[in-house]
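Sequences are here, hints too, so could you generate the full structure?
Those sequence lines, one after another, are chains Y and D.
Per the working numbering, residue 237 is the first one in the first sequence, and the count goes up by one each step.
Per the working numbering, residue 237 is the first one in the second sequence, and the count goes up by one each step.
These are computed hints drawn from the structure, not numbers from a lab.
All values derive from a computational prediction rather than experimental measurement.
Any given hint could be a false lead.
Listed below are the simulated PhoX-like cross-link pairs for lysine-lysine, each with C-alpha atoms no more than 25 angstroms apart in a straight line [said to hold, decoys possible]:
{"no.": "1", "chain 1": "D", "residue 1": "599", "chain 2": "D", "residue 2": "454"}
{"no.": "2", "chain 1": "Y", "residue 1": "447", "chain 2": "Y", "residue 2": "260"}
{"no.": "3", "chain 1": "Y", "residue 1": "260", "chain 2": "D", "residue 2": "447"}
{"no.": "4", "chain 1": "Y", "residue 1": "454", "chain 2": "Y", "residue 2": "543"}
{"no.": "5", "chain 1": "D", "residue 1": "260", "chain 2": "D", "residue 2": "301"}
{"no.": "6", "chain 1": "Y", "residue 1": "447", "chain 2": "Y", "residue 2": "518"}
{"no.": "7", "chain 1": "D", "residue 1": "260", "chain 2": "Y", "residue 2": "425"}
{"no.": "8", "chain 1": "D", "residue 1": "512", "chain 2": "D", "residue 2": "543"}
{"no.": "9", "chain 1": "Y", "residue 1": "425", "chain 2": "Y", "residue 2": "447"}
{"no.": "10", "chain 1": "Y", "residue 1": "257", "chain 2": "D", "residue 2": "425"}
{"no.": "11", "chain 1": "Y", "residue 1": "425", "chain 2": "D", "residue 2": "543"}
{"no.": "12", "chain 1": "Y", "residue 1": "454", "chain 2": "Y", "residue 2": "597"}
{"no.": "13", "chain 1": "Y", "residue 1": "301", "chain 2": "D", "residue 2": "599"}
{"no.": "14", "chain 1": "D", "residue 1": "257", "chain 2": "Y", "residue 2": "425"}
{"no.": "15", "chain 1": "D", "residue 1": "597", "chain 2": "D", "residue 2": "447"}
{"no.": "16", "chain 1": "Y", "residue 1": "580", "chain 2": "Y", "residue 2": "447"}
{"no.": "17", "chain 1": "D", "residue 1": "425", "chain 2": "D", "residue 2": "447"}
{"no.": "18", "chain 1": "Y", "residue 1": "580", "chain 2": "Y", "residue 2": "518"}
For reference, the chains in residue letters:
Number of protein chains: 2
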Amino acid sequence: MARVVIVGGGFGGLAAARALKYAKVDLTLVDRANYHLFQPLLYQVATSGLSTTEVATPIRGILGKQTNATVLLDEVWDFDLDNHRVILRDERPLEYDYLVVAAGARTNYFGHLEWSRFAHGLKDLDDAIEIRRRVLLAYEAAERESDPEVRRKFLSFVVIGGGPTGVEMAGALAELSRFSLSRDFRNAKLEEASVTLVEAQARILSAFDEKLSAVARKHLEDLGVRVMTGEMVRSIDEAGVHLDGHMIQAGAVVWAAGVEPRPLTSQLGAELDRAKRVIVEKDCSVPGHPEVFVIGDMACFHGQDGKPLPGLAPVAMQQGRSVARNIRRSLAGLPRRPFEYADKGILATIGRSRAVAERGKVKLDGRAAWLLWVFVHIYYLIGFRNRVAVLTDWAIAYVTYQRGARLITGRRLQPGAPDRGRVVEPSEIEIAAGGQGGYPEEGHPPTHH
Amino acid sequence: MARVVIVGGGFGGLAAARALKYAKVDLTLVDRANYHLFQPLLYQVATSGLSTTEVATPIRGILGKQTNATVLLDEVWDFDLDNHRVILRDERPLEYDYLVVAAGARTNYFGHLEWSRFAHGLKDLDDAIEIRRRVLLAYEAAERESDPEVRRKFLSFVVIGGGPTGVEMAGALAELSRFSLSRDFRNAKLEEASVTLVEAQARILSAFDEKLSAVARKHLEDLGVRVMTGEMVRSIDEAGVHLDGHMIQAGAVVWAAGVEPRPLTSQLGAELDRAKRVIVEKDCSVPGHPEVFVIGDMACFHGQDGKPLPGLAPVAMQQGRSVARNIRRSLAGLPRRPFEYADKGILATIGRSRAVAERGKVKLDGRAAWLLWVFVHIYYLIGFRNRVAVLTDWAIAYVTYQRGARLITGRRLQPGAPDRGRVVEPSEIEIAAGGQGGYPEEGHPPTHH
Chain Y
237 MARVVIVGGG FGGLAAARAL KYAKVDLTLV DRANYHLFQP LLYQVATSGL
287 STTEVATPIR GILGKQTNAT VLLDEVWDFD LDNHRVILRD ERPLEYDYLV
337 VAAGARTNYF GHLEWSRFAH GLKDLDDAIE IRRRVLLAYE AAERESDPEV
387 RRKFLSFVVI GGGPTGVEMA GALAELSRFS LSRDFRNAKL EEASVTLVEA
437 QARILSAFDE KLSAVARKHL EDLGVRVMTG EMVRSIDEAG VHLDGHMIQA
487 GAVVWAAGVE PRPLTSQLGA ELDRAKRVIV EKDCSVPGHP EVFVIGDMAC
537 FHGQDGKPLP GLAPVAMQQG RSVARNIRRS LAGLPRRPFE YADKGILATI
587 GRSRAVAERG KVKLDGRAAW LLWVFVHIYY LIGFRNRVAV LTDWAIAYVT
637 YQRGARLITG RRLQPGAPDR GRVVEPSEIE IAAGGQGGYP EEGHPPTHH
Chain D
237 MARVVIVGGG FGGLAAARAL KYAKVDLTLV DRANYHLFQP LLYQVATSGL
287 STTEVATPIR GILGKQTNAT VLLDEVWDFD LDNHRVILRD ERPLEYDYLV
337 VAAGARTNYF GHLEWSRFAH GLKDLDDAIE IRRRVLLAYE AAERESDPEV
387 RRKFLSFVVI GGGPTGVEMA GALAELSRFS LSRDFRNAKL EEASVTLVEA
437 QARILSAFDE KLSAVARKHL EDLGVRVMTG EMVRSIDEAG VHLDGHMIQA
487 GAVVWAAGVE PRPLTSQLGA ELDRAKRVIV EKDCSVPGHP EVFVIGDMAC
537 FHGQDGKPLP GLAPVAMQQG RSVARNIRRS LAGLPRRPFE YADKGILATI
587 GRSRAVAERG KVKLDGRAAW LLWVFVHIYY LIGFRNRVAV LTDWAIAYVT
637 YQRGARLITG RRLQPGAPDR GRVVEPSEIE IAAGGQGGYP EEGHPPTHH
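Shown next, in the form of structure tokens:
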């Protein structure tokens, strides 16, 4: 039986695995995480709108009934294409007849990894929990602070990057401030809070039509977000974000300015584009290696218009299915078919009732786009359970403005003193995230029943 | 206006705060966590049955609309009873006219803190997430392992302590193994998995009637749990749990053998009982300090039968309400009323359809007790949102045997190499929990939308 190895359980890898359900193959999916993440909603975890289990599903749960599939929680270190082997981190080899590489992207700090201490990226569950912790701790610090100027600093949130993730984060942070500060806090005041969105280009949502981009900016400003375009970030430190000639104080900074493919792309011996993606053939295979495919954020695939396809979930999913179909065709001795992207359009939401959407010449904004956004996201959420839970959460959140996921967790055990942590001030949070600090979670009277 | 300070946002502290809703007081509730924890269901988070947000509610959300209440995320270091002040960790004082101390209990290793590296306790959300991570990683390690003897070690789970928490953990672990291993794993097999419950006393659930205790043991054994009573733990290390004369190999160990009050009790200058609880007056006040109350797990209150009340949620809640009533009475110049405990009985569940319940002479077991257990727990879950979500989750879990919360999270950022963590083997997990290791969560193809 042909052995298929898929690296990565995101949209691309999972789509490929599921499309091979009835194929006579021996399939192994390797991922470093045990869950598939619905990344488009990750910003909702970071802003206390959704719980982690609502945007993440165990990969084993998704593929549990697919009898030809094995899931491996492991990490790929290298490829040995000549011998058709994937090398796992403990140097164990994994042999394949067909290989699908779909390990996705990571946060790109453009050479300034030192900024990651102060400006957290948003690529996985732990990122989202960390951002949630920083934002909620900033509120708490402001609540304890008597000096209004210091409160303003704590309550100043800066989002860097005006793409869909940045826009959605900024909108959700503005709404979280409005909800929390007007109801749950006594000392920290809404008028002391601010959300700033910084974009280097001339406009936000540059992938969208100019008019929609302007509408999105208007929507954000209506929510109280300060939108700064054409501003380059020069540095980020504990004080805040330094732009050309001025500085924005910040209680918490979110980095949504860019992603890059995981470094595995450079281990395939293939030509990379400027964004370090593997330039693939028309069937998504690696040149010279028809048995190796690269899809999703790791691949540079030139679309019908000659431009590389963007890093979108639908691209990765369609490529995953195309690759699966071509593996089946190769096994059946049939010629392969080139991948063709069916453009699903692009969407971004701003807060709880507005969005912008674009598909070809159709452009939508406001509530109609938002309803489309809700429909599309629920539809694509994998797993019935999550669909119900997210709908319930959203319906309740919409009616009550509640944010049930506002939990600050993430204490580290301190050997010898498991009971004496310290409360981390926002200025120290970055250090804690770097692995040194600790945050106590205890102090509530427990019960046995 | 009289200032009331409540230390702890658990069952006792929160009940006191809510019972003061219409009192003319200036109320401050201090807690080290920003959430109230529904501790009786915490074992469900540890065994992937429920999500963190379903058992925890932000304290600010609960008291947000109570205009006389302020919530402070902070830690109490000391008391200055003579000057009516609580000392916070940064030495800031907090003045009070009435003080309610309700900071609860923590895991008690009976002088063997070194065991905490290998046998994790279950008192807060981070504990539950850590146990969940250890158990799920043990499955993953078994799935990668070719030697069946090593797999048996990884899949051997030991719960120490046969009280309600231990019994519930053991039952839920046995069900999790049955569900996961029979469906989601290919290499790790159900017959290689084991759950052992170790109890030092002659029987489990010693607070219950002997007959119910025997029924519970039978229920557990039906689920495949090995119940060992009269066995003292001599030591715990990476190999497993050492008893007198023999050793149980373990892939993960849960410590549910005991709790002790938080050390704050010793800073009140009052007499403590053998369990280090403050011996309180008939109105739950500290002898010599009628303005200071101690309630819940921190208090030793002698009941109508002369025995100290047990550490149960209903005791803490009733004491909280009693103390609030007496504060209102004192403010109105009325004499106080002694606290009287209305016994609600005791309950423990074993797996997904069995439980034992006892109230006075009424004893229930099997499905009737389980239905009672479900009803009581849903009823007491604070917050409408959680009630709906938990019910939904349970209903779906009951029908489908799904466990949606099976997420392994908790990577630490490693400065300079944020992208290269390592997979932690079960033998290393304890070290990771001690603050040194790291666990990568990434590797799924992300998307921008």
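Results of checking the hints against the structure:
1. For the proposed pair residue 599 of chain D and residue 454 of chain D, the alpha carbon gap of about 16 angstroms is at most 25 angstroms, so the pair holds.
2. For the hint linking residue 447 of chain Y to residue 260 of chain Y, the alpha-carbon distance of about 50 angstroms lies beyond 25 angstroms, and the restraint is violated.
3. Using a Cα cut-off of 25 angstroms, the hinted pair residue 260 of chain Y and residue 447 of chain D is violated, with the two alpha carbons roughly 55 angstroms apart.
4. The suggested pairing of residue 454 of chain Y with residue 543 of chain Y is violated, with an alpha-carbon distance near 30 angstroms, which exceeds 25 angstroms.
5. Distance hint between residue 260 of chain D and residue 301 of chain D is fulfilled; the C-alpha atoms sit about 15 angstroms from each other, no more than 25 angstroms.
6. For the proposed pair residue 447 of chain Y and residue 518 of chain Y, the alpha carbon gap of about 34 angstroms is over 25 angstroms, so the pair is violated.
7. Between residue 260 of chain D and residue 425 of chain Y the alpha-carbon distance is near 24 angstroms, which keeps this suggested pair within the 25 angstroms criterion.
8. Using a Cα cut-off of 25 angstroms, the hinted pair residue 512 of chain D and residue 543 of chain D holds, with the two alpha carbons roughly 15 angstroms apart.
9. Only pairs whose Cα atoms come within 25 angstroms are accepted, and residue 425 of chain Y paired with residue 447 of chain Y is rejected, the gap being roughly 34 angstroms.
10. For the hint linking residue 257 of chain Y to residue 425 of chain D, the alpha-carbon distance of about 23 angstroms falls within 25 angstroms, and the restraint holds.
11. As the CA atoms of residue 425 of chain Y and residue 543 of chain D are separated by approximately 49 angstroms, the hinted pair breaks the 25 angstroms bound.
12. For a cut-off of 25 angstroms, the pair hint linking residue 454 of chain Y to residue 597 of chain Y stands: about 21 angstroms separates their Cα positions.
13. With a C-alpha separation of about 41 angstroms, the suggested pairing of residue 301 of chain Y with residue 599 of chain D is violated against the 25 angstroms cut-off.
14. Under the criterion of a C-alpha separation no larger than 25 angstroms, the hint pairing residue 257 of chain D with residue 425 of chain Y is consistent with the structure, at around 23 angstroms.
15. For the hint pairing residue 597 of chain D with residue 447 of chain D, the CA-to-CA distance comes to about 12 angstroms; that is within 25 angstroms, so the pair holds.
16. Distance check on the hinted pair: residue 580 of chain Y and residue 447 of chain Y sit about 19 angstroms apart at the alpha-carbon level, within 25 angstroms; holds.
17. The suggested pairing of residue 425 of chain D with residue 447 of chain D is violated, with an alpha-carbon distance near 34 angstroms, which exceeds 25 angstroms.
18. Taking the CA atoms of residue 580 of chain Y and residue 518 of chain Y, the gap is about 20 angstroms. The hint holds against a cut of 25 angstroms.
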